[in-house]
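Asker: Sequence:
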Amino acid sequence: MDTAALIAVIGVAFFFTYTNGFHDSANAIATSVSTRALTPRAALAMAAVMNLAGAFLGSGVAKTVSQGIIETPSGSQGMGILFAALTGAITWNLVTWYFGLPSSSSHALFGGLVGAALAGGTEVIWSGVIDKIIIPMVVSPVVGLIGGFLVMLAILWIFRRANPHRAKRNFRVAQTASAAAMALAHGLQDAQKTMGIVVMALVISGTQATYDIPIWVKVSCAAMLSLGTYAGGWRIMRTLGRKIIELDPPQGFAAEATASTVMYITSFVYAAPISTTHVITSAIMGVGATKRVRAVRWGVAKNIVLGWFITMPAAAIVAAIMYWIIALIFGL
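For the sequence shown, full-length UniProt numbering begins at 1 and goes up steadily by one.
Keep in mind the hints are simulated off the structure, nothing from the lab. It is possible that part of the hints are untrue.
Said to hold, decoys possible - Listed next, with one range per pair, are the computed distances between beta-carbon atoms:
(1) H165 <-> I7: 52 to 60 Å
(2) R166 <-> E123: 57 to 65 Å
(3) A162 <-> V95: 16 to 24 Å
(4) R292 <-> V142: 48 to 56 Å
(5) S74 <-> W126: 17 to 25 Å
To be verified - In silico DSS-like pairs for lysine-lysine, Cα to Cα no more than 30 Å straight-line:
(6) K291 <-> K302
(7) K168 <-> K63
(8) K291 <-> K63
C-beta: ideal position from N, C-alpha, C; glycine also.
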């Protein structure tokens with residue numbers, strides 16, 4: 001039973017990472033594709049490779065997920081909690097992907113963890129939830145919005161006398177680098193979140209005593225994220241790349257440069273698992289507002305923000321229901 005439960009949890013964790021990849025591939029490449037800096041397939045291939053590389057850059061985010069959100073549960077009950085948490089997150093990923101809504105896979109996972117833990121009677125580390133999830137969830141989009149606005153203003157001022165056609169052509173080339181930086185940051189953030197869950201499962205099952213991340217876990221999570229990324233997320237890509245604002249290459253570069261910088265700082269300095277979706281979306285809004293405030297389709301933006309606020313509660317409810325079903329079937 002314990003071995004079967006461990007295999008089931010790890011398998012579902014890998015599937016969550018795969019859905020995370022195709023759900024969030026838009027984060028890394030939507031701006032580059034919409035400005036025609038990269039073809040869709042070239043952008044997806046580049047994002048997959050950079051996601052794979054980013055997964056090996058650090059472990060701070062993984063440790064936050066495995067030790068900073070809920071107290072590690074024990075035995076079969078613990079496995080049930082992890083399975084239910086992942087199921088809740090996957091369900092929300094698929095629903096939001098279907099409707100083309102760029103919600104946060106990260107916060108779906110955190111909501112699933114909290115909901116399953118509460119349903120299973122496991123203690124939630126509320127200080128960690130507030131410090132590492134709630135506060136960054138609120139602050140990072142604000143920083144992305146303001147940062148995108150200021151970076152775009154700087155670009156407009158620096159290149160105010162440049163030939164517009166030549167400038168756009170050069171920024172289209174520069175977007176290759178900024179999109180790669182964005183994909184690398186996505187791997188740094190999102191692959192580590194699943195690593196944290198898998199490590200929790202290994203500790204609960206007694207397979208290992210510490211929270212160190214085995215190399216096979218890093219490789220597997222990175223590979224599944226890359227495979228999911230290459231599968232693409234065209235519905236969400238259209239929302240980010242076209243429906244918020246029509247981007248040109250300088251705007252795309254400004255948004256990607258801003259978002260990737262925010263993600264590197266939160267990963268390496270604060271070990272905070274932020275939402276890549278929140279940051280790139282808010283950066284696009286900030287960049288678009290420099291043209292004129294009405295250039296941003298704020299109705300679409302409002303629906304996206306609403307999705308942000310309901311992601312954690314929705315995933316938590318699904319995870320709690322799933323845990324009760326598992327507990328009923330297996331007598332946990």
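Asker: If a hint holds in the structure, say so; if it doesn't, say that too.
Answerer: Verification of the supplied hints:
The hinted range of 52 to 60 Å is satisfied by H165 and I7, whose Cβ atoms lie roughly 57 Å apart. Judged by the Cβ atoms, the range 57 to 65 Å given for R166 and E123 holds: they are separated by roughly 60 Å. In this structure the supplied range 16 to 24 Å is violated for A162 paired with V95, their Cβ-Cβ distance being about 44 Å. In this structure the supplied range 48 to 56 Å is violated for R292 paired with V142, their Cβ-Cβ distance being about 21 Å.
A hinted range of 17 to 25 Å for the beta carbons of S74 and W126 is consistent with their spacing of about 20 Å. Simply put, K291 and K302 have alpha-carbon atoms about 19 Å apart, close enough for the 30 Å limit, and the pair holds. Note on K168 and K63: the hinted pairing is violated, with a Cα-Cα distance of about 41 Å set against a maximum of 30 Å. Between K291 and K63 the alpha-carbon distance is near 41 Å, which puts this suggested pair outside the 30 Å criterion.
Checked against the numbered hints given earlier, the structure breaks hints 3, 4, 7 and 8 and satisfies all the rest.
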